[in-house]
Amino acid sequence: MQLYLPIADLPVNVFLVLAMGAAVGFVSGMFGIGGGFLMTPLLIFIGITPAVAVASVASHIAASSFSGALTYWRRRAIDPALASVLLCGGVTGTALGVWTFTQLRALGQLDLMIALSYVVLLGTVGSLMFSEGLRALMRTRRGAVPPRRAHNWIHGLPLKMRFKRSKIYLSVIPIVIVGVVIGFIGAVMGIGGGFILVPIMIYLLRVPTSTVIGTSMILTLVTMLFATMLHAVTNHLVDAVLALILMVGGVTGAQFGARAGQKIRGEQLRLLLGLLILSVGVRFAVELVIRPEDLFTIRELGVSG
Amino acid sequence: MRRALVAALLVLLLSGAARAERLIVSVSNHRVTVTPNYSGEELVLFGSVEKDASTPADRTAYDLVVTVMGPRADMVTRRKELTFGIWINTDYRQFLQVPSYLALFANRSFDAITSPEIARRQQIGLNNVLLMQRVSGDYADVVPNDAFRSAFIRLRTQRGLYREDAAAVTLLTPTLFRTGIPLPAEVPIGTYEVEIKLFSNGAFIGKTDTAFEIVKIGFEQFVATNARQNGLVYGLVTAAMALMTGWMASIVFRKD
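So the sequence lines, in the order shown, correspond to chains C and Z. Each residue of the first sequence is one higher than the one before, starting from 1120 at the first, in this note's numbering. Each residue of the second sequence is one higher than the one before, starting from 434 at the first, in this note's numbering.
If we strip away everything but chain Z, and leave its shape as in the complex, we get (with noise of 0.2 Å):
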């Protein structure tokens, strides 16, 4: 019993030594509200890395790779092709619960902060992030360069709901860090988990995470989420819509 105690004890020493910094981290706003004016907006991250007595001396510069994920949502990527003289959707595939919004940050360029396998198995980069997929019923994440992976998130990246910028996050001192999150007007609703990576050179040393939800409001979300929750009533509502403007019409138009 007492020596399974100190065992015990011994492994939270270790592992407490194993983790010398500690990352601190906090973003400006945990619940961002966007009204139908909305024009996107930008979150501020802070963190700052804190040492303690175990920290090697050594180990004096740091870098951070911020990864902000949205909730995640199935999609279908489809590609047309020439078939018959015109354009047609003709193969397709699944992704699956991937994010639907993406966005990795760091202080520098993705290969300068760590070696090519500790960024694949870190995913540091859009070519590294798993992104599920399903192909004729098997799972997997297909290499970079795939046409309908690469494609996914170049349409992704246009809309500016996938991001990748190497330069986004600013070491004010050695150990404190700002970046900003922009988040575009077509935000999809939800938790956003934040995973913070700590390196120092090119060793993965540790990682925190913190979390922020956007929620939309005003009249146009109502209309929205009714028209998704209530179909029937929303249908109804519309139908008596378009039968009250009608009439009105008539009404005011009518030749007398």
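Chain C on its own, in the form it takes in the complex (with noise of 0.2 Å):
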């Protein structure tokens, strides 16, 4: 069934786009992550411009993280004063990020530096956690303890406050440095960051397991509901069918990769996502590099009369 997307200006295959969207919400479901990092570029192979798929991705994972966020709240796995304070980072966060998206909009240089933060930030990510994963799996293959983690030099800086629920004593600092980095790049590259943003909480800040998955959803939820605002006010690139779609069958999807996820180890888990994240950035990279078809563009700067 064909559908004609408004805003994206493209006819596009409803159960493709379905079967997209459940296939990234399995995906999410099974590492417990938004998928703005998968959905955004498969959006792109099929056609969407990156400025479309950024914008009305950042909605679908609205959705995602919401429904996932009640499931955590009702389990009081969020802390909301962390949250708080991460959000207070996040908003500033997706403000700079929208506001920078334009601009290099106006300059022609939006989907180059999408590409290029997702072949730099992809590959980072996918590669440590491909190593980590690796290390883990060999470490408990020879029956290894894991080391015990130390306090870092974060847990030095001033202006500590107390989380309760979370039960850590840190300083506010990185707390809101992690948000704005966040916020900004969810805004800018379509994701709603929680990928990076979990092993940041767990590993930089020592946020216990119990709450990081919750409160993190809490932030992915506002800074993504606040881009999804800022997208449609300033750039008007919000295509709402394509989020709906994404939505429903992301949601579905999300359901059953969660079951599935349950049963394989964590650090297999590690591994395959690490490998995922690796294979996206990689695939940007090759898109790069390689000669383009056309060499020229039209862009459409608004139709008067």
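Because the hints were derived from the structure by calculation, they are not lab data. The model shown is predicted, which means the values in this text are computed figures rather than measured ones. Please note: incorrect hints may appear among the correct ones.
Capping the alpha-carbon separation at 20 Å, the derived lysine to aspartate or glutamate pairs in EDC-like fashion look like this [claimed, not checked]:
| no. | chain 1 | residue 1 | chain 2 | residue 2 |
| --- | --- | --- | --- | --- |
| 1 | Z | K513 | C | D1128 |
| 2 | Z | K484 | C | D1128 |
| 3 | Z | K640 | Z | E626 |
| 4 | Z | K649 | C | E1419 |
| 5 | Z | K640 | Z | E550 |
| 6 | Z | K649 | C | E1406 |
| 7 | Z | K484 | Z | E454 |
| 8 | Z | K513 | C | E1412 |
| 9 | Z | K513 | C | E1419 |
| 10 | Z | K649 | C | D1413 |
Grab the two chains, each in its own frame, and use the hints to assemble them into the complex.
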């Protein structure tokens, strides 16, 4: 069934987009991530312009993180204080991100920057995760105990605050910075940032695993809702029809993914996720290096009359 | 006073004599509605060349050139170049108020209809249509084989939005003609101007024009219009939709 996407200005097959939403939802449910870093590239690969893909995926991520956040809220696995501090940074970062997005679009370098950010970010995070997963897997094979993590320099920073539910005593400075960074790259790249945020919170901020996913979902939810609003107001690029199909597919797929994820061991899961992230990064890198089919592109600057 | 009146009359008579033929045209539909499952259609333009007493007797064969121009817009053409091992948009040209849809139809090849000079002056053929560019502060159209200009025309042609067909106009009788105006699915909405130019023996004799309008209706257009005009409301509705979907999912799939 063909459907015309009003903002993307492109006819698409509804079932293809629905299946893409479900597949990404499955993966995101399995790994406990938003899945934006897979969804945005997939949309770009089927011919939707990077700008529309980034802006529309924001609302899709908001939907899936809201459904996740509700579940975690019922289990009291969200730290409201930590979430609020993260959000202070997150909202600022998102606003900065959308502003940068608009500037880059005017300069004609948006597509390039999106592709480059994907290569750099996914390449780094993917290889780190992959090698870490590999090491962890080898450790368990040998039966060694994982090294006990010591406090790091972050815990020496001033402006400390007590986060009761997470049972940590931490400076607000690194938390706000993390929020800004995630909000920024989320708005520019069309990702929720969960796959970066969760490791940062665990390894750098030492947030316990009981509250980390739920709290990161709150940040994702609010920054993505805010990004949707800003993209809609400034760039008029949010395709609601596309977003709705993705949401429906995504939230459904996520339920099955979550069940599948419980059957796989943590180290294997990390290894797989690392590989997945890395391959998306490589795909973007290849795209940048090979000669494009057409060196010229046209952009309409608005019809008048 | 009387002398002026006589002079004016004389001018009127003379100009009437100069344009011995009259062009009468009509399009099959002055208002095309594009629905979501619209997959392109064709408008038909009919016309007739009316001769009068002052038409020279030797003028029997006519040539016609039909130009259809969609709503005008500013467009940017960018070129990628290999920089530091990756392909980057480096150079660009801005096209100012160029037609978003452009079709040029004739009953035989443009070179056969008229001389290159007249073709240039009357903008006959995609190579002769004026496409104003801004090149570092200057406003000008460039030579037809300019890389940006030809890339622009090529890309628009690929999307079916620019076309040139020297066999599209059919002369049913020496004075009665018709042509189809194909409108692909992605036609821009707005007012389309149609200009019909009449030639005989290589000389430009006269022209007339008509217009039609393309409107899009349906849910998709409603969404697109609101996205552009009421960004804030649109964003709020999309955000609410995201929350609703997420909330519904958490209810439907609740594991109790």
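We went through each hint and held it up to the structure:
| no. | hint | result |
| --- | --- | --- |
| 1 | Z:K513 - C:D1128 | violated (23 Å) |
| 2 | Z:K484 - C:D1128 | violated (47 Å) |
| 3 | Z:K640 - Z:E626 | holds (13 Å) |
| 4 | Z:K649 - C:E1419 | holds (19 Å) |
| 5 | Z:K640 - Z:E550 | holds (17 Å) |
| 6 | Z:K649 - C:E1406 | violated (36 Å) |
| 7 | Z:K484 - Z:E454 | holds (5 Å) |
| 8 | Z:K513 - C:E1412 | holds (11 Å) |
| 9 | Z:K513 - C:E1419 | holds (17 Å) |
| 10 | Z:K649 - C:D1413 | violated (30 Å) |
In this structure, the earlier hints numbered 1, 2, 6, 10 are contradicted, and the remaining ones agree with it.
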